[in-house]
Every structure is written in C-alpha cells, then in structure tokens.
Amino acid sequence: MKKKSISKAQQILSEADASLLDLVDHVLNKGVFIEGEVLLGLADVDLVYLRLSALLCAADRLTET
Amino acid sequence: MTDTNGTATYVYCLLSARRTPPPTRRPRGLAGTGPVRALDVDDGLRLIVADAPLSRYGTEPIEQHLRDLGWVSSCALAHERVVEHFARHGTVIPMKLFTLFAGDDRAVDHVRRSLKRVRRVLTRVSDRQEWGVRLRLDEQRALRQRMATEGKSTGAVGGTAFLVRKQRERQAVQDVAKDARVEADRLYSALARRADDARRQTPAQAGTGTTVVLDAAFLVPIRRAAAFRAAVKAAAAALERRGFDLTLTGPWPPYNFVGDST
Numbered sequence: 001m002k003k004k005s006i007s008k009a010q011q012i013l014s015e016a017d018a019s020l021l022d023l024v025d026h027v028l029n030k031g032v033f034i035e036g037e038v039l040l041g042l043a044d045v046d047l048v049y050l051r052l053s054a055l056l057c058a059a060d061r062l063t064e065t
Numbered sequence: 066m067t068d069t070n071g072t073a074t075y076v077y078c079l080l081s082a083r084r085t086p087p088p089t090r091r092p093r094g095l096a097g098t099g100p101v102r103a104l105d106v107d108d109g110l111r112l113i114v115a116d117a118p119l120s121r122y123g124t125e126p127i128e129q130h131l132r133d134l135g136w137v138s139s140c141a142l143a144h145e146r147v148v149e150h151f152a153r154h155g156t157v158i159p160m161k162l163f164t165l166f167a168g169d170d171r172a173v174d175h176v177r178r179s180l181k182r183v184r185r186v187l188t189r190v191s192d193r194q195e196w197g198v199r200l201r202l203d204e205q206r207a208l209r210q211r212m213a214t215e216g217k218s219t220g221a222v223g224g225t226a227f228l229v230r231k232q233r234e235r236q237a238v239q240d241v242a243k244d245a246r247v248e249a250d251r252l253y254s255a256l257a258r259r260a261d262d263a264r265r266q267t268p269a270q271a272g273t274g275t276t277v278v279l280d281a282a283f284l285v286p287i288r289r290a291a292a293f294r295a296a297v298k299a300a301a302a303a304l305e306r307r308g309f310d311l312t313l314t315g316p317w318p319p320y321n322f323v324g325d326s327t
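Residue numbers (our numbering), protein chains in the order written: chain A, 1 to 65; chain B, 66 to 327.
There's no promise every hint is true.
Cβ pair distances, simulated, as ranges [as the list claims (entries may be wrong)]:
| id | chain 1 | residue 1 | chain 2 | residue 2 | range |
| --- | --- | --- | --- | --- | --- |
| 1 | A | Val32 | B | Gln232 | 46 to 54 Å |
| 2 | A | Ser19 | B | Asp261 | 22 to 30 Å |
| 3 | B | Ala96 | A | Ser19 | 15 to 23 Å |
| 4 | B | Ala290 | A | Val32 | 24 to 32 Å |
| 5 | A | Ser19 | B | Ala213 | 31 to 39 Å |
| 6 | B | Val229 | A | Val32 | 37 to 45 Å |
| 7 | A | Val32 | B | Arg93 | 20 to 28 Å |
| 8 | B | Arg306 | A | Val32 | 33 to 41 Å |
| 9 | B | Trp136 | A | Ser19 | 13 to 21 Å |
| 10 | B | Ser254 | A | Val32 | 26 to 34 Å |
| 11 | B | Thr214 | A | Ser19 | 31 to 39 Å |
It should be emphasised that the hints constitute simulated quantities derived from the structure, not laboratory data.
Keep in mind that this is a model prediction, so the values were computed, not measured.
A virtual CB, placed ideally from N, CA and C, is assigned to each residue, including glycine.
Start from the sequences and build out the full structure, keeping to the hints where you can.
Here it is in structure tokens:
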C-alpha cells in the first residue's frame, strides 16, 4: 500500500485544511508577548515557518482544484 | 534545563478577569501535560499554565519534533483550544506555542516585572478580536481575463502577428502584477479603517500560478465584527471576478497585537 509512506504533513495537506495551517502559523509565528525560558532555537522556528509557508501555498492550490 | 526528569511550567495565556474561571470543563491542553491551572499574578490577572514534562517539552525534544508538522499541528490545536476557552471568561493575552518556564515562580515573576506593559496591552485588546485576511491572485486566470477583454488579434499575420501577441502578453503580465499591488493596498487601507489596528505581513511568495498579494491581520472591536465581515464579503465578490481570491479567518485571539513592537 502506498498509503503508508504518506507523511503527517502530507496528510494534513491532502485534507487541504488550510485553516489548521493558519492556526499553526498563528500560534507559532506571530507576536511574542513573553519569551519563555526553555527557548526554541530561532533557526528551527524559521524552518517550521518556511515549511508552513510552502504548505499554505500548496493548500491554496489544492483547494482551487 | 537539561534535567529531563523534571517538569517545566507551560504558559498558555494571561487572563484578565474579575473571577477565577471554574476548574471544570477546561480543555486538556498539550499531550502529556498536567491539568490546566490558573496562577495569581496580580489583581484580576492570572497566568493559565500546566506542568510539562521536560522529557517531552524540553528544548531538545521540541527541536527534534519541530520538523514533524503533524506533531506541531496537534500541539497548536491543543494550545489554541485552551486559549479560546479562557478568552470566553475575560480578556486574554495569548502566548506563543511552547512558551515554557523553569517553574511557576519564574513565570509569575516574569510577568510581574512587566505589569505596566501587560496593562497597556490588555487595554488595547480588550473587547476586540483578530481577523486574518489573505488576498491571492491566480495569475493565469487574471491574464486570461485581461487578454480576453482586450480583444483578439489586430488582423496582422505571420511573424508580425506573433511579435505583437508576445508583446501584448508581456504587457499584460506587468499590468496584472501592478493591478494586484494596487488592489492589495486599497483593500488593506479600506479594512484598516474599519479596525482599531492592523498589521501587514510580507506576503509569502507562493509557488507557480498563485501569488499571495496581501496577508494581513486586523484588530476589530467585537461590536463591529459583523460590519467588518460584511465589508470583506463585499470586497471578495468584486475581486473574485478579476482573478483574485479573498479569504477571511477568525475570530482569533489577538496573536498579532501583543508583540513587542506594538
């Protein structure tokens, strides 16, 4: 079965749930009120953001078809 | 922080409310974390927190998991549910996903040190919600529409006709791009007038064919939400005919309006 090789991200994408991606974008990338002590590496957050942007765009295209 | 046996204090949001919200029917929060609790910070001000095992929510485990969008999404969903639950009990200042402190005291101290700022932000966001607006342009569709309205050929044949058509196409691509910038600016200004505050993100460059020309957030008083939505709907209908696609998301807790620059 091909299905097993589908990653979680692709699953989310295939469901074309742009609102879920919007949610991740909001809670992860938007305004910081206080900086916690257990810090995330900035580079890693940027990485998530880049992947997210790509997914958001891809989801946009998916919902069009 | 490297002690993987310990727990950290996970912070969901700051809540400003007259009374402590009842401990019943609170959402579960992030997987593996303790019950959602309220910590007193100041008069009518509470931090909404939970214990988070460092074995799952320490720096390293989180960083390892950040590549897994499925995991990040489920955390995001759990985080948002807690924030939205408490938003119904008062005004919230949402925290970013994975805001963690070494302990309760550290988290409370951190907020107490910036009480002036907390009060200022609370005043600005109370009785208001955030709405997200994204304007996309389907370039191919816009081009087709533009070429169609400009009429067909000039009657020239052969090589000349080919060159004329090519030139016209190039011009159309430029016109469409310019048109999109103008529309994005116009929409942003129009909606910003209906909001108390507005933020415009640098639009992400989308893949081929579809371009995000506006990605913006608006802080809108709850009593004006219906009018704001109606304005977006009206704009969407007009833009749709010209190859644009307008989406509205929300209402959100004011994630975009609690940051440092604001």
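Requested in this report: Please flag the earlier hints that this structure goes against, numbers listed from lowest up.
Outcome: Checked against the structure, the only hint that fails is number 6, while the rest are satisfied.
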